[in-house]
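Can you join these two chains into the complex? Each is in its own frame, and there are hints to help.
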Amino acid sequence: MGTYIVRRLLGMIPMLFAITVFTFLMMHAAPGNAIDAMINPSIRDIEQLKEHLREINGLNDPLWLQYVHWLEHFVVGNWGFSFNFHEPVIDLIGPALANTLLLAVVAEVLTLLFGIPIGLYQARHPYSKFDYTASTISFVLYSVPYYILALLLIYVFAINLQIFPAQGATGTGPLAGTFIDHLYHALLPALSIAIANMAVYTRYTRGAMLEVIRKDFTRTAYAKGLSEGRVFTKHVFRNAMIPLVTQFGFDIGSFAGGAIILEGLFQYQGMGYLTITSVNNRDYTVIMATTVLFAVCVLLGNLIADILYAVVDPRIRYN
Amino acid sequence: MTKFRKRNLAAMALAASLTALAAGCGAAGGANNTAAGTADNTKPVDGGTLTIGQWQKFNQQFIPFMDSSLYTANITMEAFDSLFNIDKNLNFVPWLAQSYQWSPDKKTVTITLRSDANWSDGQPITSDDVLFTMDYLASPTYTNDLQGQYESLVDPVKGSDEILAGKAKSFADTGGFHKISDKKFSITFKTADAAALWYSIATLQPIPKHVLQNIPMKDWLTSDYDKMPTVVSGPYKFTKVTTDSVEMQANPNYWAGKPHIQTVIWKTVTPDVAPGLLSSGQLDMYLNGLKARDFQNLKALNNVNAVAEPEFGYEYLGWKLWQKELQDVRVRQAIAYAINRQQMLQGIYKGLGQILNSPIPKGSWAAAPDSELINYNYDPNKANQLLDEAGWKKDANGWRIDPVTHQEAQFVLDYPSNNPDRASEAEAIAQDLQAVGLKVKLDPPMDFNALLKKVLTTNDQQLQQQMNQSHQIYLWIMAWGLSTDPDPRGNGWTYPNANNLQDWNDPTNEQLIKKTYDVAAFDQNVRKQALIEWQKYFNQQWPAMILYSRPDIVAVNKRVHIPQDDVLTSMQQFGPYINMFQWWVSPQ
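Protein chains in written order, with this note's numbering: chain A, 504 to 822; chain B, 70 to 657.
So that you can see chain B by itself, here it is in the shape it has in the complex (with noise of 0.2 Å):
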């Protein structure tokens, strides 16, 4: 293993300057793309091939919600439409679900679906389908035999536990789901909850029912249809379908008009490769996994846009809660002012990246402005002072003594093997540290499956004992991924929660949480605003050191046309773009 990665990086390290070869030979050569420029005031036109790579390999599992891979969902996006869209802000909007109200109490939404939503073989897509959809997440067979993972994405609905149970067939016998027309239908939740709707119901992807009806659902997962699903809603139909490509073909019947590029063909590449084909136009679009080192080389391209935008989500910096030392606020800030983020942003990850003081990346429409949270800006004097307030003074040799031990204190740092930028980033903060008097350790990169096992909370007892017994501070590196809707459950800011891996127990911000989903929260300006105030008590509480969000780098031939309002404030799992079907590509 150790020596693949060796060989791997050599072999990554190559490529980097293969790339810069074939960005000489692209300007050089001029190539097949003058009509490079993405000036959308020009007319579109209907036609062509969209060739996007992606890094890791998809899974034949078409039917949404059979398997959890983001490089399968990138796919099916394209072929089954949800009920509700993102805007640019990711605000959730309408989309299958043309309209939507919720009841007095808050507990029942009401959605009609739009009236010229078909299925690409021209029946109507109708409530019935919505319902088969969820009864089919919620049955014990989509759970068990078919080993899902999303059941969650209708367990807030009443009549969930009954469903998976084996006690009830259908939300229609639990009083979950009540079909009001052909098109028309309301979802009774188990409480009222404001952030359910959107953490739930508005990413369903509805199934046809009148085509898998006739198969048994334990079939489903070696079905035809799961291979390449014949009856779509959305704006692309499957047209083949082989081990390491997909190709698909503009649906002409799309309720939202036919799409202009004709056919898109998805491929599996290797972020080491994927520069050189883009660059010789064999490619025209790679979603996440380029290095940032090779940005400015395809910056430098003259028929590629790339784009170096910060990740949906963040690195962090993790400590127990239970242990003594980090129980006081004042060390937890003198860490994160001891830190250098905008080092480690410039050296790893050559100044592109975001630091961020919250939770919440800056992109989504609940961040909290800067204005409103401490930012703490590198200050090592800041930090002196605050871990000599907390009592942490310095020994002979300059390092601080742990309060609760009397000992020379001693931080041990766990980070993972997978990336070599994870090693650099555990030296950097171990350096910060110690020239504030921490004394840190480093331990060796561990596996990130042994790391994870080793700091779920599940496991804490184990990690109490160890730290106890050898006098020392436990710190991590790791990264959360987010999902579009900000709800801080989501991420384990609660507690007791399973991905809560720093056992943050806090009744205010259990309080401040609650405010983020109540009734008063269907307000969506007022969601907003709790989502604010719990940010604040976050970055003054500091139960984790954010440190930033790295970038991602996504890039596209110039050919491409993608229209403003399809290009989001911060990226996604699908870069920084959406609604594929009103894109275009210049004729070659």
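So here's chain A without its partners, still in its complex pose (with noise of 0.2 Å):
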């Protein structure tokens, strides 16, 4: 298992190489840069100061050379310098990742309590009236997009009920910035997340539990006399959870994406807010730091999957 962890991580290394050129060719492709975008009256020479900015920040140079510098830079943790938000790029990527971490981890805490559990409830008692009821609620919430579930949610719990805040990371007052202050702040926008989330695992839960159910070996386990409880816990559970260790990876690989939309919504200072904002101003610098931290997110979550798939799966062994 060892060995294949380290190789699967060298693996990596190619890989997110590639992603980086791309990236960088991608953006450069597209016209304009944030230094080109400036307008301001109250800038008397702006082409000359625009040709100044270009300068000093390597932007004349040819696309290869640029690419090199970036590399060299990024490397060794010297991210560079964001132009919109006027920052060193890595003193915007700490918090708003640690945000967007926050907001992931919660929702997906959210989505796992109660998402699996309605699933090993509806498949213990399949075709039953809550089984109904359940599935029906499951796919009316997956089917609704989670951005108008979030303004539903901001509406009802934030302006009328005024019980969580409609907008930002933080609040005010004394415990602002605080990690309960934080806590506090993300929940509505984890819940707007696991609703949908939640209709998707009960669903997993549900089919991979009434598939194992039919199984062969389920059969022998009841015939051996062992108690229901503990055929659905040690032998149906168990396998059933491969195709949820799957979803769990994906999603994993998607925790420091953010979500672009819903953060919008919020206001919530993560990484989607942080990205968009940025490839809107064309600021190239945030850009590339954000792709690489997701491509490093998705093929870490790939490999996390890998390895869960040999924790629960005895018969899958890497070496």
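Careful: at least some of the hints might be erroneous.
[What the hints assert, rightly or not] A partial selection of chain A residues facing chain B, derived with a Cβ cut-off under 10 Å: (1) Asp539; (2) Gln551; (3) Gly580; (4) Asn663; (5) Gln665; (6) Gln670; (7) Gly671; (8) Thr675; (9) Gly767; (10) Phe769; (11) Thr780; (12) Arg785.
FYI, nobody ran anything at the bench for these hints, they're computed from the structure.
Since the structure is predicted, the reported quantities are computational estimates derived from the model, not experimental observations.
Here a beta-carbon is modelled for each residue, glycine too, at the ideal position from N, C-alpha and C.
As structure tokens, then:
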């Protein structure tokens, strides 16, 4: 297993390299850059200023040289300067990544906490009233785009009931900026993500469980005289977890990406918000940094999923 | 990207309907804001909290001029006073600078600072602070290491080039600045220019030398002071800054008196959610970005005052004056008469906004009165007549023949994709022009950066080639936001100038503009007259089709009381209000 993980990690390096080259080229193929897009009537000789800024930011160099410079600096932790936010990129990424990870973890916990048990209960009592009700509700929730849900949640919980904050990743007052404050602000956006994801997990869980229940080894387990609870936990659930692990791997992959639209709606200062603002402003340094982080996350997510396969399924061995 | 936009649109549409819902609830619930009404004869109350929402996130760069975001500037404006303030008609009035006097040659201005103006830590605000701030903006460190963009604020001052080039350290050494006493100094400009003080030093916000001189300037960007300035000159002090909000408290030592409102909170709020928060009273004020279609709903809220006023800027239809077809002024005027701007405002902006026939919005003291200008009211007959006179004959299909190429004239219109209203405008313009026989092809909407790149003067040769080859006439839609001073040079109406996107090169225009800032123009009345003369020429020449000022909507809770003197006659970047320290809020 150890060698497998090391091999996979090493394999990521060329992959990441290819991703950065590709992103770099894509971005520079789009017309304009952050500096060209500047319009400011209070600046007199704007063309001279633009030329100067292009020069000091290296945008006048040939493309390959710009890439080499970027790579050199990136590897040693100098991620460049965000023209739009007027801040070193690394100082922007830190808080944004923390916010997004918190949001992702809270959303994932909510999803798993409710999604899997509901699916399990449905599978134990298939075609019951509960099963039909839960299925219908999850189909409805899955079909509603999550930004619509988010707006409804804001309307009900933030504007009318005023239990949760409507906007932002932090609030004001004595608790502002503390972990509790962050958590409080992450709950509503997390709930909007979790509701849709929950529906996915209940469907997967129910489907996988029902499939395994019909398998021969389940019948054998019953035949051996094991209690129903034991059959479900030891034999059925463990086998049914394989598709869930795949989904979980995908989830991890999307953790650092943030939810672009959702973060926009909540003005939640995370990676999604940072990325979309930067893309709109052609803020190259930020886009490169966030892209690399997304890529790392997706690759790691896949790796974790593969490792978890081995954990839940003894037939899978990587060595 | 496209996907995102579509979804976003849907979200906004839904938000609009939610607003209506929220409005209903607010009215029924009666909420917590019964003490409504901004009757200003009531006695101001001290204390309370004002929560302001802004659309875009501020940057955590609070040393003035460190970054160029307007959303940051709105916040720093409350913490750092500038040398001059504006009055309700956008005239500059003395502020930290108590008085000023020009030398006979009009190159040197002597400024006296208020004797009672102190930093929040009790130290006096002095000439040295002003010099320190000017040297900061002029220094190569500011422009290179800190990537600052406002060197132009000190550029007209004598010696700015030497400092930027590293040949001098301070305006005190170059003859640009002369300290007379702690509260009195003089500034010498490179030339006698009647606009220079207003577009440069007037808006300077001094920074405290005694605090910042101990930090190397190249480290300011990441310094604690930049993230949350502790010593300020304005009515409010920073007390808490997080990634998405800023909390400020009244500065008890403020020279103009302690502000009435104790706490001011700035938040980042999307315009999708803002109407709901305004109705529930969680937000007291929202600056710029509210949608025209939400205006009626906002007005219906009984706890909110919503005002829609023309932006301080304009939307325009641009063209390139190197295109032979457009060098005939009759063609340009024909286009002006052909386009039904009234209907566009009606259809797209719910009748809000204001039609302009000159590039200086009506809110400015320098705006030419309507009686002095040709009013290009919608008049297709007049447009047809002008085109006929210009020799644009109609062919058998009713399309007009381009007298340069002798083929059916073909216009092509570009517009940015960042706002769905632009698409409606482009369609309306195309229809109106087709109605007078001018064929218009709409290009697919372009990303704003791409469009700007295409029309930039520096890119003209490429565009020229493209237009010549395809026998097309190029049009585009864009908008300008303006700075307070009406100097025509600022918005690129001189030649050469990177902002002169239409390549308007006209000696008469240059002469008229020169008159707006020459020695005689130091007399405000002369300057105003010169600006009006220039606008009349512009209005007649019509080098670009100025469409209108779009509406800006600002919503304020009725518990916020704003004295009449603090309500501007026009919108600025901070909405139509000034002098927050004089406002007060009813207790909740």
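Hints, one by one, checked against the model:
Interface restraint check: aspartate 539 of chain A against chain B, minimum CB-CB distance 6 Å, threshold 10 Å, status holds. The beta carbon of glutamine 551 of chain A is positioned within 10 Å of a beta carbon in chain B (closest approach about 8 Å), and the interface hint is therefore held. Below 10 Å, beta-carbon pairs count as interface contacts, and glycine 580 of chain A has none with chain B, the closest being about 15 Å; its hint is therefore violated. Interface restraint check for asparagine 663 of chain A: the shortest CB-CB distance to chain B comes to about 6 Å, inside 10 Å, so the restraint holds.
The beta carbon of glutamine 665 of chain A comes within 7 Å of a beta carbon in chain B, closer than 10 Å, and the hint placing it at the interface holds. Below 10 Å, beta-carbon pairs count as interface contacts, and glutamine 670 of chain A has one with chain B at about 5 Å; its hint therefore holds. At a threshold of 10 Å, the smallest CB-CB gap from glycine 671 of chain A to chain B is about 4 Å, leaving the interface hint in force. Below 10 Å, beta-carbon pairs count as interface contacts, and threonine 675 of chain A has one with chain B at about 5 Å; its hint therefore holds.
Annotation: interface hint on glycine 767 of chain A holds; nearest CB of chain B at approximately 7 Å, less than 10 Å. Using the Cβ-Cβ criterion of 10 Å, the hint placing phenylalanine 769 of chain A at the interface with chain B is satisfied: the shortest such distance is roughly 8 Å. Residue-level restraint check for threonine 780 of chain A holds (minimum Cβ-Cβ distance to chain B is 8 Å; threshold 10 Å). The interface hint given for arginine 785 of chain A holds, since its Cβ lies 6 Å from the closest Cβ of chain B, which is under the 10 Å cut-off.
Comparing the model with each earlier hint shows a violation of hint 3 alone; every other hint is respected.
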